[in-house]
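Full structure from sequences and hints, please.
Which chain is which? The protein sequence lines are A and B, in order.
According to my numbering, the first sequence is numbered sequentially starting from 9.
According to my numbering, the second sequence is numbered sequentially starting from 9.
A few of these clues could be false.
Put simply, identical chains are the same to the list, so a pair is met inside one copy or across any two.
Dumping the calculated DMTMM-like pairs for lysine to aspartate or glutamate here, alpha-carbon to alpha-carbon at most 25 Å [to be verified]:
1. Lys153 / Asp291
2. Lys277 / Asp291
3. Lys116 / Asp333
4. Lys277 / Asp238
5. Lys310 / Glu263
6. Lys153 / Asp202
7. Lys178 / Glu263
8. Lys277 / Glu263
9. Lys208 / Asp291
10. Lys341 / Glu265
11. Lys277 / Asp288
12. Lys214 / Asp40
13. Lys214 / Glu265
To be clear, the hints were calculated from the coordinates, so they are not data collected in a lab.
Predicted model, so just to flag it, every value in this text is computed and none were measured.
Protein chains: 2
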Amino acid sequence: MAEMNLQIRMAAHPVGFPKSSDFEIGESSIPDIGEGEMLLKTLYLSVDPYMRGRMNTRKSYAAGVQIGEIMIGRTVSEVIASNDSDFAVGDIVWSSTGWQAYGVAQAKGVRKIDQALAPVSTALGILGMPGMTAYFGLLSVGQPKEGETVVVSAAAGAVGSLVGQIAKVKGCRAVGIAGSDEKVNYIVDELGFDGAFNYKTATDYKAELQRLCPDGVDVYFENVGGTITDAVFTRLNMYGRISVCGQISQYNLTEPEMGPRIMGGFISKRLRMQGFLVGDFSDRHEEGLVEMAGWLKEGRLKYREDIVEGLVNAPEAFIGMLQGDNIGKRLVKVG
Amino acid sequence: MAEMNLQIRMAAHPVGFPKSSDFEIGESSIPDIGEGEMLLKTLYLSVDPYMRGRMNTRKSYAAGVQIGEIMIGRTVSEVIASNDSDFAVGDIVWSSTGWQAYGVAQAKGVRKIDQALAPVSTALGILGMPGMTAYFGLLSVGQPKEGETVVVSAAAGAVGSLVGQIAKVKGCRAVGIAGSDEKVNYIVDELGFDGAFNYKTATDYKAELQRLCPDGVDVYFENVGGTITDAVFTRLNMYGRISVCGQISQYNLTEPEMGPRIMGGFISKRLRMQGFLVGDFSDRHEEGLVEMAGWLKEGRLKYREDIVEGLVNAPEAFIGMLQGDNIGKRLVKVG
Chain A
9 MAEMNLQIRM
19 AAHPVGFPKS
29 SDFEIGESSI
39 PDIGEGEMLL
49 KTLYLSVDPY
59 MRGRMNTRKS
69 YAAGVQIGEI
79 MIGRTVSEVI
89 ASNDSDFAVG
99 DIVWSSTGWQ
109 AYGVAQAKGV
119 RKIDQALAPV
129 STALGILGMP
139 GMTAYFGLLS
149 VGQPKEGETV
159 VVSAAAGAVG
169 SLVGQIAKVK
179 GCRAVGIAGS
189 DEKVNYIVDE
199 LGFDGAFNYK
209 TATDYKAELQ
219 RLCPDGVDVY
229 FENVGGTITD
239 AVFTRLNMYG
249 RISVCGQISQ
259 YNLTEPEMGP
269 RIMGGFISKR
279 LRMQGFLVGD
289 FSDRHEEGLV
299 EMAGWLKEGR
309 LKYREDIVEG
319 LVNAPEAFIG
329 MLQGDNIGKR
339 LVKVG
Chain B
9 MAEMNLQIRM
19 AAHPVGFPKS
29 SDFEIGESSI
39 PDIGEGEMLL
49 KTLYLSVDPY
59 MRGRMNTRKS
69 YAAGVQIGEI
79 MIGRTVSEVI
89 ASNDSDFAVG
99 DIVWSSTGWQ
109 AYGVAQAKGV
119 RKIDQALAPV
129 STALGILGMP
139 GMTAYFGLLS
149 VGQPKEGETV
159 VVSAAAGAVG
169 SLVGQIAKVK
179 GCRAVGIAGS
189 DEKVNYIVDE
199 LGFDGAFNYK
209 TATDYKAELQ
219 RLCPDGVDVY
229 FENVGGTITD
239 AVFTRLNMYG
249 RISVCGQISQ
259 YNLTEPEMGP
269 RIMGGFISKR
279 LRMQGFLVGD
289 FSDRHEEGLV
299 EMAGWLKEGR
309 LKYREDIVEG
319 LVNAPEAFIG
329 MLQGDNIGKR
339 LVKVG
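What follows is the structure, given as structure tokens:
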């Protein structure tokens with residue numbers, strides 16, 4: 009083929025918020041495939057907060073991206089050529105071929121997408137990693153009970169918007185914290201949250217939480233960290249649970265932030281806090297997928313996609329997402 | 009009776025560390041008992057860190073002591089008179105009659121002590137609240153597995169000294185943090201901890217932990233808070249657990265202390281942190297008691313009592329305990 013493979017590589021480890029110059033656009037030839045491999049053409053690329061951690065020099069829970077390497081990322085792709093008898097040309101698959109127009113994968117890194125279920129892009133959102141993150145992080149880690157109050161931060165994002173809706177499915181009061189009035193209106197009016205506040209305009213988080221959570225907070229689904237989290241802690245009920253999914257307010261700090269020590273409250277309120285990654289539940293992925301797809305079909309879950317066109321715009325799509333300019337799942341439409 | 013009832017009352021809410029003038033010694037007549045009540049003569053009074061929280065004006069997990077009220081506390085007493093057919097004069101009982109020479113109790117607040125098991129004072133230590141705190145806090149909250157490393161702070165105290173020994177019973181590596189060389193020697197040489205360090209002379213807690221916990225820390229039994237805890241957090245392993253029992257370094261602060269934000273590590277290491285009170289396990293008390301008594305009988309658990317003579321010395325015994333001048337369980341011998 010004469011066509012080239014467009015790729016976005018990491019040019020520098022970001023200091024603070026990533027900037028355009030931390031990325032570089034490159035090209036390579038479209039690779040040949042070997043035994044058991046397939047060639048995938050990227051249709052959609054997912055950009056997610058966790059990628060910021062992979063760009064650091066310091067060790068995270070997974071290997072970091074090195075300078076000059078292609079940025080990592082989950083993708084929805086079409087099979088263009090296949091040396092694996094389980095996959096045919098034209099299949100639409102979920103893979104992790106990263107920020108490039110074409111990628112090579114083996115069966116173990118690929119999953120066929122059931123196109124009857126929902127649009128294929130949902131394999132990167134509600135029926136993919138963000139959906140399973142919300143599902144297992146809320147239900148298995150947070151363990152909300154009917155009638156309890158669930159608070160979620162980054163509530164209009166890919167994960168948060170689902171956390172509140174799953175809480176509603178389970179008979180809980182769902183309260184969101186988000187960064188614009190538009191987001192607040194979206195999650196309350198369209199998604200059915202019981203309440204929400206805009207942390208960028210609110211002057212007293214505790215008062216907002218008191219207003220929106222008159223019976224206190226039983227489960228906090230933590231996406232952000234920092235002063236928002238400090239305020240939620242003051243409103244936690246006895247036997248409250250904190251499901252720690254993300255810390256987006258902290259990812260771009262150049263110096264670690266100090267905060268109030270929180271352990272005293274763990275004793276007096278018998279709190280339980282647990283961190284998780286969606287991969288911890290990979291053996292239960294099918295269970296989560298079936299249940300989320302069922303709720304989606306029944307109209308009990310809604311989702312929005314925030315799609316940026318063109319792989320060359322992936323860096324801006326990613327940087328903007330870290331700054332909260334998306335509502336719902338941010339995707340890059342590549343192919 | 010002509011004898012009077014000596015009582016120690018709270019004279020003032022302490023600011024920072026309690027001082028003698030926060031207590032006052034009083035007398036009252038020895039009360040008569042009504043229907044279903046018994047008169048108890050205090051033999052031993054337990055002084056424990058949790059009492060500091062009860063002296064505050066601010067709300068804790070239990071009602072606070074008011075100015076002029078008798079200080080609360082668990083006791084071992086002898087039944088002097090009884091209007092309850094289940095209790096006879098001469099019985100030795102566990103009760104919560106507080107800092108006084110005589111107290112009145114009903115059956116629901118009293119438990120007969122099996123004198124065949126161990127000296128009766130152990131009902132306030134290894135076979136009482138501190139023992140059950142160590143047992144359930146380590147085994148049910150911390151959930152150590154054979155071969156794992158357990159670190160405990162305030163390791164020569166009533167609870168900490170048992171935590172490390174229970175960890176050894178369960179086949180774990182036990183490492184203690186304590187406040188004097190004498191304490192370090194005691195828990196290593198006498199109690200069989202695998203290692204310990206003196207946080208008052210150590211200059212680099214992380215280096216000490218690295219030396220003593222070459223495979224990292226799987227379970228941290230948290231009694232102290234502050235910079236010791238910060239150091240332990242840096243050494244926690246994947247899927248580490250933090251059992252939050254106490255925060256003695258924080259109880260006497262006049263202003264809340266700031267510290268590093270810890271939630272990021274919860275995600276990357278999938279940590280689980282849970283606070284507890286021994287009362288959460290009251291329905292399993294018998295199970296804990298039987299197992300601890302068995303290990304004691306087998307010589308697998310040792311204990312030391314640090315006994316101060318005379319109820320009038322209870323304030324100093326308590327203040328000194330908060331400053332760590334005890335090794336093992338601090339008790340006041342009253343009767």
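Hint check results:
Taking CA atoms no more than 25 Å apart as the test, Lys153 paired with Asp291 passes in both settings, with 24 Å inside one copy and 23 Å between copies. For a Cα distance limit of 25 Å, the shortest separation of Lys277 from Asp291 across copies, 19 Å, qualifies, whereas the shortest one inside one copy, 33 Å, does not. Taking the shortest Cα distances, Lys116 and Asp333 never come within 25 Å of each other, neither inside one copy (34 Å) nor across copies (60 Å). Taking identical chains as interchangeable, the C-alpha atoms of Lys277 and Asp238 lie at most 25 Å apart whether they share a chain (15 Å) or sit on different chains (21 Å).
Proximity of Lys310 to Glu263 under the C-alpha cut-off of 25 Å is found in neither arrangement, the shortest distances being 38 Å within a copy and 46 Å between copies. For the identical chains of this complex, Lys153 and Asp202 are intra-copy neighbours only, at 16 Å inside a copy versus 42 Å across copies, given an alpha-carbon limit of 25 Å. Taking the shortest Cα distances, Lys178 and Glu263 never come within 25 Å of each other, neither inside one copy (39 Å) nor across copies (40 Å). In this homomeric assembly, Lys277 and Glu263 come within 25 Å of each other (Cα to Cα) only across copies, at 20 Å, whereas the closest approach inside a single copy is 31 Å.
When the C-alpha separation of Lys208 and Asp291 is checked against a cutoff of 25 Å, the pair qualifies neither within a copy, at 39 Å, nor between copies, at 47 Å. Taking the shortest Cα distances, Lys341 and Glu265 never come within 25 Å of each other, neither inside one copy (36 Å) nor across copies (48 Å). Taking identical chains as interchangeable, the C-alpha atoms of Lys277 and Asp288 lie at most 25 Å apart only when they sit on different chains, with a minimum of 11 Å there against 27 Å within one chain. For a Cα distance limit of 25 Å, the shortest separation of Lys214 from Asp40 qualifies neither inside one copy, at 58 Å, nor across copies, at 50 Å.
When the C-alpha separation of Lys214 and Glu265 is checked against a cutoff of 25 Å, the pair qualifies both within a copy, at 20 Å, and between copies, at 20 Å.
Comparing the model with each earlier hint shows violations of hints 3, 5, 7, 9, 10 and 12; every other hint is respected.
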